[in-house]
Amino acid sequence: MSEEPSDLLAARRAKLERMREQGVDPFPHDYPGVTAIAEVAAAHAGLADGEETDASYRVAGRLAARRGQGKMAFLDLVDRSGRIQLQAKSDVLGEEAMERLLDLDLGDLLGVDGTVFASRTGELTLRVTDFAVLAKSLRPPPDKHHGLQDVETRQRRRELDLMANEEARELFMTRAKVISTLRGYLDSHGFVEVETPVLQPLYGGALARPFTTHHNALDRELYLRIATELYLKRCVVGGLERVYELGKDFRNEGLSTKHNPEFTMVEWYEAYADYSDAMARVEQAVAAVAGAVGYEGEYDLTPPWPRIALAQAVLDETGIDIRANPDRESLVAAIEASDRAELEVEDHAWPKLVDDLLSKYVEPKITNPVFIIDYPVELSPFAKRHRSEEGLVERFEAFCGGMEFANAFSELNDPDEQRRRFEEQVRLGEAGDEEAQPYDEGYVEALEQGMPPTAGVGLGIDRLVMIMCGKSSIREVVLFPAMRD
RNA sequence: GCCGCCGUAGCUCAGCUGGUAGAGCAGCGGGCUUUUAACCCGAAGCGCGCAGGUUCGAGUCCUGCCGGCGGCACCA
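In my numbering, the protein residues as written are 25 to 509.
No lab work stands behind these hints, which were simulated from the structure alone.
Note that the Cβ used here is the ideal one computed from N, Cα and C, for glycine as well.
Errors might be hidden in some of the hints.
Unchecked claim - Result set (EDC-like, lysine to aspartate or glutamate): computed pairs, CA atoms no more than 16 Å apart in a straight line: (1) 376 - 448; (2) 160 - 194; (3) 384 - 413; (4) 495 - 127; (5) 160 - 127; (6) 113 - 127; (7) 201 - 211; (8) 95 - 120; (9) 389 - 402; (10) 384 - 340; (11) 168 - 129.
Unchecked claim - Pairwise CB distance ranges, derived in the manner of DEER restraints: (12) 89 - 241: 50 to 56 Å; (13) 218 - 415: 18 to 24 Å; (14) 221 - 31: 50 to 56 Å; (15) 116 - 38: 25 to 31 Å; (16) 330 - 469: 36 to 42 Å; (17) 52 - 243: 33 to 39 Å; (18) 238 - 38: 47 to 53 Å; (19) 271 - 370: 32 to 38 Å; (20) 175 - 241: 41 to 47 Å; (21) 69 - 235: 50 to 56 Å; (22) 388 - 347: 20 to 26 Å; (23) 466 - 175: 43 to 49 Å; (24) 438 - 366: 36 to 42 Å.
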């Protein structure tokens, strides 16, 4: 990682020493009064070619390019908001300062006082009247024109990606916008943001394997949460009525273009609402996000989105009727008889087979957002029984671009039914299902206290950002994705 | 875990059917007062991911390993 030829590093260190010898602090403490480059540009749009102004600004950023002229040079300075050209003239700065300025390296952090003018080709430029090194850079930056292309380096050393590639900066600014818009949507609709434990004595709320850790003082195993679901519903039991939490969940599973072991999820719970209300909220929230980030991608995110029953979607894509084959034996026979579906049947139980059909034949076909609704009860230990469909629960998942990005249901609030569901999970766990839910008596007791009818939603932020930014890999939208050592 | 593709200078990339490694940018020295991937001159910089093997000779062919990407599996 730090195997650069020593002469490249030595040259920068030599300049560092030279600065110190000249009495210049290469790492000053502050630089007050900086204006964003974009703000300077916005204030002077439409200058005529060669037009001078008497407007002065102080800007700061990283030195990105230099076109030297001996007694005059042009430099490019980049900050978070944009890039601006600087003009350095020997007769303005004096020879000594000019020499110091030209002795800087690409990548150095630089503060500049300058006067706005337009170059003779019309480019907005700051004529440098004074400058200060704000931090010496001791390593060479990525290529000034090609940026940093190598995917591995971009992800392992995101700071280089961010400094070299404007698109990377924009993407993570967009990500921030997605999150603040979601918060804004929920805040403005009466939801209270809460924080529940990340370290949990018992994990739950999703079908997944957890990470484990150890608390020394308590001398006990703890789990990193796989979902916020159960604690949030306890908040609803307590009367907070509309709550949400936005943060990291952790699932001990493989990496893929759609999975990172730690990922960001927002879950919200709304008392006196059901999954139909939740669908409307998801549509509204996504539409709000799309508007805020100026979405111009390939999908039509405009509400309302189609609602398709899971069984119907599977029937449409495979010709297999899961409702007519409600047990493992007949479903296996139907799959094997089908010429449109081919699955590893093996020892998979009925719900698992349904899930397989969904993820293999339905999910990849979906482009524009769709709600797949009404799931088999076996796949959904926390969802409430469907009010009219036997064996189903009131649950939906939202899909877009070939992947799921939200999961929601009318929450099961009958404690006795919940207890039976947990017992079933325990049976599955004992049968070897490593993702089965552990029994959570504390949660059941909370339900016994009485939880109002409630709709709950979990929405994957990373995947939503992927959709908004048109990225096909989650690693592109996570600053520091998990990678091998 | 399995399959395929990839790994050459700090960065971006060439390198044919095996003949002993190059360019641009960056860096170094010099020139240049309106450049825009500035330009011009000069001198440098590569154990070709790692380890073996085949061969007179390997960046190039073979095997294993490491890392990345994509897919499958696992998994929401």
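Against the structure, the hints come out as follows:
no.	hint	result
1	376 - 448	holds, 15 Å
2	160 - 194	violated, 25 Å
3	384 - 413	violated, 25 Å
4	495 - 127	violated, 40 Å
5	160 - 127	holds, 11 Å
6	113 - 127	holds, 14 Å
7	201 - 211	holds, 15 Å
8	95 - 120	holds, 11 Å
9	389 - 402	violated, 24 Å
10	384 - 340	holds, 13 Å
11	168 - 129	holds, 12 Å
12	89 - 241: 50 to 56 Å	holds, 54 Å
13	218 - 415: 18 to 24 Å	violated, 34 Å
14	221 - 31: 50 to 56 Å	holds, 52 Å
15	116 - 38: 25 to 31 Å	holds, 27 Å
16	330 - 469: 36 to 42 Å	holds, 40 Å
17	52 - 243: 33 to 39 Å	violated, 49 Å
18	238 - 38: 47 to 53 Å	holds, 49 Å
19	271 - 370: 32 to 38 Å	holds, 36 Å
20	175 - 241: 41 to 47 Å	holds, 42 Å
21	69 - 235: 50 to 56 Å	holds, 51 Å
22	388 - 347: 20 to 26 Å	holds, 23 Å
23	466 - 175: 43 to 49 Å	holds, 44 Å
24	438 - 366: 36 to 42 Å	holds, 39 Å
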